[in-house]
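J.: In case you want the letters, here they are:
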Amino acid sequence: MADKVRTAAQVVGSIPDGSHIALGGFAIARNVNTVVHELIRQRKKDLTLSQCVMGMDTDLLVGAGLVSRLIVGGGSLDRFGLVNCVNRARESGGVIAIDATSLSISFAYLAGALGISFIPIKSMIGSEILARLEAGEAAERFQRMDCPFTGEPYLLLRAIQPDVALVHVQRADREGNCQIDGPRWENEEQAKAAHRVVVIAEELVATDVIRQRPERTIIPGHRVEAVIHQPFGAHPTAVYGCYDYDAAHLTEYVRHTKRSGGIEEYLERYILNSSDYDDYLHKSGGLKHLDTLKARPGLGY
Amino acid sequence: MATEHGSSSRAAQSVGGIRATEIMAAAGARELHDGEVVVVGLGLPWVACALARRTHAPSLTSIMEIGVINGNPVDTPVGLADSRIFHQSTCWSSFLDTLGMNLHRGLVDVGFLGALEVDRYGNINTTLLKGEEGQVTYVNGSAGGNDVASLARRVMIIMRHQKRKLPRVLAHLTSPGFVDGRDRAETGLRGDGPHRIITDMAILGFDPDTHLAKLLSAHPGVSVESIIENTGFPLLLPDQVATTPLPDEEQLRILRREIDPGGAYLNERFA
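Chains A and B, in that order, are what the protein sequence lines are.
Numbering of the first sequence is given in my numbering, commencing with residue 1 and proceeding in unit increments.
Numbering of the second sequence is given in my numbering, commencing with residue 1001 and proceeding in unit increments.
Hints should not be assumed to be uniformly reliable.
[Said to hold, decoys possible] From the derived model, a few chain B residues whose C-beta atoms are all more than 12 Å from chain A:
| # | residue |
| --- | --- |
| 1 | 1017 |
| 2 | 1058 |
| 3 | 1094 |
| 4 | 1109 |
| 5 | 1190 |
| 6 | 1205 |
| 7 | 1208 |
| 8 | 1218 |
| 9 | 1240 |
| 10 | 1243 |
| 11 | 1253 |
| 12 | 1257 |
| 13 | 1258 |
[Stated by the list, open to error] Each computed BS3-like pair below joins lysine-lysine, with the alpha-carbon atoms no more than 30 Å apart:
| # | chain 1 | residue 1 | chain 2 | residue 2 |
| --- | --- | --- | --- | --- |
| 14 | A | 258 | A | 294 |
| 15 | A | 283 | A | 294 |
| 16 | A | 122 | B | 1214 |
| 17 | A | 45 | B | 1214 |
| 18 | A | 283 | B | 1163 |
| 19 | B | 1214 | A | 258 |
| 20 | A | 192 | A | 44 |
| 21 | A | 44 | A | 258 |
| 22 | A | 258 | A | 4 |
| 23 | B | 1214 | B | 1163 |
| 24 | B | 1130 | B | 1214 |
| 25 | A | 192 | A | 45 |
None of these hints come from the bench; they were simulated from the model.
All values reported here derive from a predicted model rather than from experimental measurement.
All C-beta atoms, glycine included, are put in the ideal place defined by N, C-alpha and C.
Chain B on its own, in the form it takes in the complex (with noise of 0.2 Å):
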């Protein structure tokens, strides 16, 4: 959630004056290529694609579910239905072209989501949170987080790493990854599910077979132990971790000065 603030002081902050949150959007960007299609949620998602449309990805289609293809803000915008995002589109159109047309018909590469909370199959929970005697708070609720996860060909989520956001059991599925494991065809779901798991301390993939989440890199400055410490659920380790790239001085001054100059998603602990 935006208005969310952690205190946790162990994950890649500031490495060499580069932010988590930079850290982050890179390695979305990176996992982005040139010719997809992608529905993308506001927030780092949105940053990500920006910054993958303005390096690498020139021809990458972004999709938002209002009804914008690919909108060219010169604003940053507060949220999906902030107009700014509507700016200098190449289509308006609706839920029903782009979540149905496109999605629905089988055509988008990637979705790119936020999560309130995300199990080991890379299922989301965005809808409501459990405190310790039971008691329900509800947040946002899936509005198009269930139809992209549930039919996009493959779903990345960027989030902040810490153990209950990453528990052994979610308050609620919302938005199917694996759900208990199986194949995605056996649960009557499109695509292969989930891919990456980004966090401000980690980028998680799954293994092939179980489809169990797996740390794949560590962001620089991140040890294994405290990636193990703040993940709820037990995760697969590799035989030899990755170091997670930083973000190149092109991508630095373009995330800085181009797309959120005034640090709206890049100063947060996480957005």
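So here's chain A without its partners, still in its complex pose (with noise of 0.2 Å):
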């Protein structure tokens, strides 16, 4: 059997500057802040993200000045603010944003997932938004074309195959076989779709339990490069049945990023001057803050 544990800081060693990212997310869920945090103490460069809908793991990588594109559908942290480290990057061109839908970046996905080079699609067509990417830098991953049978009008668009793909899992084996509870948004396509892929897991179980819930097994082992095992990895984000969002330090967040000058600040306080996760977590209130947050059972939160 092969052990594919990894640490952050090993996994992170080996993506290189100027690596495209799929980044596994989704506003305040599952957001690979594991990995994230420990990109920042690497400080890499010239990234680019690609994810449906942006949260805290996309506004903190472009805070720090790591990214220099973004595929993305949209973003936000629910009621708790706007990805405001993004917004004002995009305001002032310091990251160039290829802004889709999150349907078409699935589609794009599932494309590179099947290995085929392209996908046609209904949506996009007659807004703004196409118009602004046929207009745009990645205006060659676009096309139009009508049915050859039917004649309808489609859009296509270019297979997305990210180099590495980051997904927060709720459990996963030393092989890299990984669970996923709750709903799964475009974590599967995604995962497919790229050359590498790392998972973090909030627990790390033996295959037996695995084969317990085989069909609760959205990425198989074969796919996975490598599987870092961190509790409370996703923190502040929610991990469904793990543990709820820690509204406090979202709020603390946001109030961060609102300003200009904040998020340095936010970086410097909790991610440079932490060795590592389990670091940033003691810094985040410890052991007796997190299982505040810790999931009740029969409600996941």
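If you follow the hints, you should be able to join the two separate chains into one complex; please do so.
T.: Right under this line is the structure:
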């Protein structure tokens, strides 16, 4: 049996500057913060990020200045606020944003996962989103075509195959078989489209545990390169069945990102001065505080 | 936006103790028919959908893009990615299922959306705003909004009624309605397009020939003049403007006691 368990530092050390990374978070749920923190500590550069709905993971990476390009559908921190770092970078031209939609990005990942080079879609036609895409940086990724069978108009999307996909999951075994509880948004397609898959697992379990509910294995081990075991690894975002979002921390984060210069203070306090994620969790209130976020049985939050 | 707080005092904020948000939720619910499939976002669209399911439309299927079908929350969610939304669902899946194999497949009757700005053809902006000197402020973007507006059979919008939110020209066309007034099919879009705009002052529909927004009903206590005054684009007026019905006792009980007891959505001037 291949033991794929690695530390975040080992994994990030193997990700070159300039990589295209697909992030598995959605707003304030299952953000891949364990790896995001390490990317920031190792000061990676010139990253391209893709994701359907951006959350804190993308906002942190953009706020830390690691990102050149975004391929995204949208983003927010739900009622806690906006992705302020991303929005500020867009407004200042600090990042090139290829703004599409949740479905079109899912389709492009699906094409990547199926090993086909493009995929037809019916949305985005007639919108300024498409007009901007066709006139923008990534214009070569979009074509229009009528169906050769029916004549219906379609937009064609170039497939997306990210260099690395990062997905935070509830449990995985040492071989990388990983299970997601609750909805899985674009996680399956983005992972299967990627050249390399890294999962961050709340819980590291024996393969026998995986075998009890194989229908929940969204990404099978043979597709996974590395497993990082990190309890509370998505904090302050939520992991269904494990813990709720940390409202106080998210509020503090947004308070920082709302004003210019605030993100630097946040990064300094929580990430750059932390040796690893455990150290960050300690600084964020430690075990006693984290215990208050634990999911109640029967509710999942 | 959830964080916006207006100072307007002209909307039907409290008629006999009934809040404008409650009138809006009931109006939204009324437009949903039993057995239909709805893709819904969070906020008042979600409240309206939950109300319909608990009253006249128990067989309504509600789909959230994150991959949740018929969630049955017992606590009020703060967002689409809140685990509270996932509670007691009948299905957990993915964008590819919700927006792909349902919406793109052509099975979604109603797309129920919020908006930053809407123009007279029902085109929606959720991407950015422009200041007086042209400076751009980004907000949320499309996420699934464009997909829903492009592909659902009919689209309903819930929003606050303000001149700047109902402008002549959008700062950005994120999600298409009738685009420039042409038939949807001519633009390559599916469905019949925008159907209703439900605001805290009125309910708007669309003229079947010109596809221009038209006043259908004013909420109790709201004058037609104030609606016109608070609409940035020219609004078609019917010969006789109806009055939006108020929610009944049972609807109010469900809204206040069951769906949003903490007032997360109903206490806002607008959600």
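J.: Run every hint past the structure and note whether it holds.
T.: Hints, verified against the model:
Distance check for residue 1017(B) against chain A: the nearest CB is about 26 Å away, which clears 12 Å, and the non-interface claim stands. The non-interface label for residue 1058(B) is consistent with chain A: the shortest C-beta to C-beta separation is roughly 23 Å, beyond 12 Å. Not every CB of chain A lies more than 12 Å from the CB of residue 1094(B), the least distance being 5 Å, so the non-interface label is violated. Chain A leaves residue 1109(B) outside its interface by the beta-carbon criterion, the shortest separation being 17 Å against a cut-off of 12 Å.
Listed as a non-interface residue, residue 1190(B) fails to keep its Cβ farther than 12 Å from every Cβ of chain A; the least gap is roughly 6 Å. Taking the minimum C-beta to C-beta distance to chain A, about 21 Å, the non-interface status of residue 1205(B) holds against the 12 Å cut. Every Cβ of chain A is farther than 12 Å from the Cβ of residue 1208(B); the closest lies at roughly 19 Å, confirming the non-interface assignment. At roughly 30 Å, the least C-beta separation between residue 1218(B) and chain A is larger than 12 Å, which holds for a residue marked as non-interface.
The claim that residue 1240(B) is not at the interface with chain A holds, since no C-beta of that chain comes within 12 Å of its own (minimum 34 Å). With a least beta-carbon separation of about 33 Å from chain A, residue 1243(B) lies farther than 12 Å from that chain, consistent with its non-interface assignment. Once the 12 Å rule is applied to beta carbons, residue 1253(B) is consistent with being away from chain A; the minimum gap is 24 Å. With a minimum CB-CB distance of about 20 Å to chain A, residue 1257(B) clears the 12 Å threshold, and the non-interface call stands.
With a cut of 12 Å on Cβ distances, residue 1258(B) stays outside the contact zone with chain A, its closest approach being about 17 Å. Restraint check: the Cα-Cα separation between residue 258(A) and residue 294(A) comes to about 28 Å, which is no more than 30 Å; the hinted pair holds. At roughly 18 Å between alpha-carbon atoms, residue 283(A) and residue 294(A) fall within 30 Å of each other, so this suggested pair holds. Taken as a hint, the residue 122(A) and residue 1214(B) pair is honoured in the structure, with Cα atoms around 28 Å apart against an allowance of 30 Å.
About 52 Å separates the Cα atoms of residue 45(A) and residue 1214(B), which puts this hinted pair outside 30 Å; it is violated. Taken as a hint, the residue 283(A) and residue 1163(B) pair is broken in the structure, with Cα atoms around 46 Å apart against an allowance of 30 Å. Taken as a hint, the residue 1214(B) and residue 258(A) pair is broken in the structure, with Cα atoms around 39 Å apart against an allowance of 30 Å. With a C-alpha separation of about 24 Å, the suggested pairing of residue 192(A) with residue 44(A) holds against the 30 Å cut-off.
Under the criterion of a C-alpha separation no larger than 30 Å, the hint pairing residue 44(A) with residue 258(A) is consistent with the structure, at around 24 Å. Note on residue 258(A) and residue 4(A): the hinted pairing is violated, with a Cα-Cα distance of about 39 Å set against a maximum of 30 Å. As the CA atoms of residue 1214(B) and residue 1163(B) are separated by approximately 15 Å, the hinted pair is consistent with the 30 Å bound. Of the pairs offered as hints, the one joining residue 1130(B) and residue 1214(B) holds, with about 26 Å between alpha carbons and a cut-off of 30 Å not exceeded.
About 25 Å separates the Cα atoms of residue 192(A) and residue 45(A), which keeps this hinted pair within 30 Å; it holds.
The structure is inconsistent with the numbered hints 3, 5, 17, 18, 19 and 22, although it conforms to all the rest.
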